[in-house]
Structure formats: C-alpha cells, structure tokens
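One-letter residues, chain by chain:
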Amino acid sequence: AAGVIQSPRHLIKEKRETATLKCYPIPRHDTVYWYQQGPGQDPQFLISFYEKMQSDKGSIPDRFSAQQFSDYHSELNMSSLELGDSALYFCASSLVRGGNKNIQYFGAGTRLSVL
Amino acid sequence: KQEVTQIPAALSVPEGENLVLNCSFTDSAIYNLQWFRQDPGKGLTSLLLIQSSQREQTSGRLNASLDKSSGRSTLYIAASQPGDSATYLCAVTPHTVETSARQLTFGSGTQLTVLP
Chain F
1 AAGVIQSPRH
11 LIKEKRETAT
21 LKCYPIPRHD
31 TVYWYQQGPG
41 QDPQFLISFY
51 EKMQSDKGSI
61 PDRFSAQQFS
71 DYHSELNMSS
81 LELGDSALYF
91 CASSLVRGGN
101 KNIQYFGAGT
111 RLSVL
Chain L
116 KQEVTQIPAA
126 LSVPEGENLV
136 LNCSFTDSAI
146 YNLQWFRQDP
156 GKGLTSLLLI
166 QSSQREQTSG
176 RLNASLDKSS
186 GRSTLYIAAS
196 QPGDSATYLC
206 AVTPHTVETS
216 ARQLTFGSGT
226 QLTVLP
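As given, the protein sequences belong to chains F and L, one line each in that order. So for the first sequence, our numbering puts the first residue at 1; every next one is plus one. So for the second sequence, our numbering puts the first residue at 116; every next one is plus one.
Because the hints were derived from the structure by calculation, they are not lab data. There may be inaccurate statements among the hints.
Below 25 Å or equal to it, Euclidean Cα-Cα: the simulated BS3-like pairs (lysine-lysine) are [claimed, not checked]:
#1 L:K116 - F:K57
#2 F:K52 - F:K13
#3 L:K183 - L:K116
#4 F:K22 - L:K157
#5 F:K57 - F:K22
#6 F:K13 - L:K157
Where chain F lies over chain L, by a calculated footprint (3+ residues, C-beta under 8 Å) [stated by the list, open to error]:
#7 149 to 162
#8 222 to 231
Not the full set, but computed from the structure, chain L residues with beta-carbon under 8 Å of chain F [said to hold, decoys possible]:
#9 L204
#10 Q218
#11 L219
Even glycine gets a Cβ: it sits at the ideal position worked out from N, Cα and C.
Same shape as in the complex, but just chain L (with noise of 0.2 Å):
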C-alpha cells in the first residue's frame, strides 16, 4: 500500500526566504505526482503536477522536482510571501493499467506559515 510522508509537518519562516518542502513516498510506481495547496478550512488548489517520465516542473516562484527510484519529491518556493502561508500537500497517482482508478494518495502536509 502506498504511503505518502511529509516533512516537516510544520515550518514558520521569514519572508523573502526561499524554501524546501519534502515530500516521500513507498511505492515507486506512480504514474503522476502533484503538489496542492490548502488554506485553512478550504479547498484544495493544484499548484504543479509532474508526470512520471519528469524531473521538475516550474510555475512562477514554485519549482518541485521529482525522483521517481528514490521515491522523493521536493517542493521550492523562492521569495516566500505571507500569502503563501497554507497546508501544502504532496498526493501521488498510481500506475494502474486501468486507467480509471487513479484515486490520489496524499501526504499530511506541510503547515506553512511566512512571517512578515
């Protein structure tokens, strides 16, 4: 069963600081990785999707890469801001041969908070 590990589960930074989230995973066979971001009592806002055959994706501030055989994935913020204070959450798609039952296996995120 796949299990999906974040770290940490908390992080309090000053702004303008880059930074890491880290995010793992047991099974190597995943078909797509995507990074989320949750305000508090919200939904769930996709920040950057990597498919399987990549090594990172870029989106603004926000680069996340991917090492499929090591089961890692990291999330880079640059310039942190107040407004990225939120829970980030990592989720992994497994390479099914059934293409339909791709659910989402999600980590337990990582409680951000950029200080002014």
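Excised from the complex, chain F in its bound form (with noise of 0.2 Å):
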C-alpha cells in the first residue's frame, strides 16, 4: 500500500539560506499534518492542511510557510534558516472526512541540517 511520500530524505543548508520540503500524502487522504523533531526532543506540531485550506497552525516561526497544492501534496517553506531549525521534518496524513478515526500515517521524514 502507498504510504507518505517525503522529499527529500536529507538537506543540509546553511545559515541564512531557504529551503522547500515536500509531502505526497497517501491516496485519498484530505489532511495534511508537518511536524518537527528537534534532537533528542519529541515531534512538535507545525501546521495543518484540510481540503488544501489551513486548518491550524501550531508552533510555526514566521519564517515558515506551508501550503496544500491541487493534488493534495503539501510543501513547507523555511527561510532565513537558523541553526536552531535542524531537526528531523515529519508529514502526516489522514483521512477525516467521513468521521474517520483520524488515524495519521507518518512519512520517513526530512532530515534538515543548518550548518
């Protein structure tokens, strides 16, 4: 069965520069979740995606962005990027419609390194 999608699975950048990480949900999933797991942290709620409408917005510094495309993949944008923003990079997805139990399938991951 297709699972979530993440790309790419690693990034190193540097301070000050932008970066674009992406999602492919599974098939027929409506929602997307982004969440970030610093080092040795637990995963801490980013932004989600309903329908490709913002569904709810965690804690997202400003300098993010993120967006749910026609086809229901999602991006997350990071600009300006500060050392403190490496961390593994987590997308989720689920259906919801339908009164679904809401279960959320994670992808593998991004793995963002600022140097």
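Could you fit the two chains together into a complex? Lean on the hints.
Structure, rendered in structure tokens:
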C-alpha cells in the first residue's frame, strides 16, 4: 500500500538559506500535518491543512510557510534558516472526511541540517 | 494546554520479560490516543490507536489500555525481544468540534532496550 512520501530525505543548508520540503500524502487522504522533531525531543506540531485550506497552526515560526496544492501534496517553505532549525521534519496524512478515526500515517521524515 | 508525560524515560530489560510503558495526559478531553515506535533517526510507526470510547486495543504481543478519566494509558509488551528496542511515543488527539484540527500532542518517549 502507498505510504506518505517525503522528499528530500536529507537536506544540508547554510544559515540564512531557504529550504523547501515536500510531502505526498496517502492517496485519497484529505488532511496533511507537519511536525518538527529536534534532537532528543518529541515531535512538535507545526501546521495542518484540510482540503487544501490551512486548518490549524502550532509552533511554526513566521519564517516558515506551507501550503497544500490541488493534488493534495504539501510543501513546507523555510526561509532565513537558523542553526536551531536543524531537525527531523515529519509529514503525516489522514482521512478526516466521513468521520474516520483520524489515524495519522507518518512519512519517513526529512532530516534538515543547517550549518 | 495538553501535556503528555511518559515514564520511565528509559528502560532496559532482559529478553523475554514482559514490560509496561506508561503515558499520562493532563486534559481528558481527547479524541484518541496513539502509541508509536521510533527507531533512531527514523520515522514514526503507528502501533496501536485507541478511540476515547475504548478501553484497550491489542496487536500481537502489544496491548494498550486507556483510562480517559484518570488521564492514563499503558502499553504492555509481552515476551520482549531485542528487535523491540526503540523509542516508544504516545500521542493524544484533542476532542475538538473542528474535525480537521486534530493535531497530535506527543510525550517525550520511553527509550526501550531489550538485552539478548
């Protein structure tokens, strides 16, 4: 079965550069979530989209933005990168429509290293 | 604000032992609770999901229980194996009217080592 696809798997950037992370949800899933997991920390919710509209916002810095496109894939754009942005970024998708159990399926993550 | 705590932070057991991992949460208004497994530097694998109306879920050697009123969940692993070594995270989804705003709040995890 198709899973959540994230690209790239690894990304190395320098301070003040820009990065774009991509997420392709499981087919027919209508909701995408982004999480950030710093070294030795638990995942923290950043932002979510339902049917291509932003549905909720967590601890996402103003330097970050995200969107969900017509094909339901999502991109997380990160500008003016800082050393503290080095983390594992997860995308998860779920099917919310129809009263489903909201099981979130996670991608393998993108490891961002800011030098 | 929901807070999720996991105890212990780390656990080391010999192979074959049964063990229990604990998770507690401060706000009992949850929609569901999930247990995940994470291998070092890897993604999150969902193990079990318990809806707020359920008391437990079982999958193979794993059994998760939920006591929503007391804000607690346990993950029971029977006959542990070295391959079970990983970090186990619990996460809760808030019970909101807005069905799309159900982001997970994670605990900090229990790092399990099963010694051969």
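Now for the hints, and whether the structure bears them out:
1. Our distance criterion of 25 Å between C-alpha atoms is met by L:K116 and F:K57, whose separation comes to about 14 Å.
2. At roughly 28 Å between alpha-carbon atoms, F:K52 and F:K13 are farther apart than 25 Å, so this suggested pair is violated.
3. For a cut-off of 25 Å, the pair hint linking L:K183 to L:K116 stands: about 16 Å separates their Cα positions.
4. Proximity of F:K22 to L:K157 is assessed by CA-CA distance (about 17 Å); at most 25 Å being required, the pair is judged to hold.
5. For the suggested pair F:K57 and F:K22, the alpha carbons sit about 18 Å apart, so the restraint of at most 25 Å is met.
6. In summary, the hint linking F:K13 to L:K157 is supported, as the alpha carbons are separated by about 20 Å, within the 25 Å threshold.
7. Proximity of the segment 149 to 162 of chain L to chain F, defined as three or more residues with a beta carbon under 8 Å from a beta carbon of that chain, is established by the 8 residues found.
8. For the segment 222 to 231 of chain L, the assignment as covered by chain F holds, since 3 residues bring a beta-carbon within under 8 Å of that chain's beta-carbons and 3 suffice.
9. At about 6 Å, the closest approach between the beta carbon of L:L204 and any beta carbon in chain F falls short of 8 Å, and the interface hint on this residue holds.
10. Evaluation of the L:Q218 hint against chain F yields a held restraint, the C-beta minimum of about 4 Å falling below 8 Å.
11. A least Cβ separation of about 6 Å between L:L219 and chain F falls short of the 8 Å threshold, and the interface hint therefore holds.
In summary, the structure is inconsistent with hint 2 from the numbered list given earlier, while agreeing with all the others.
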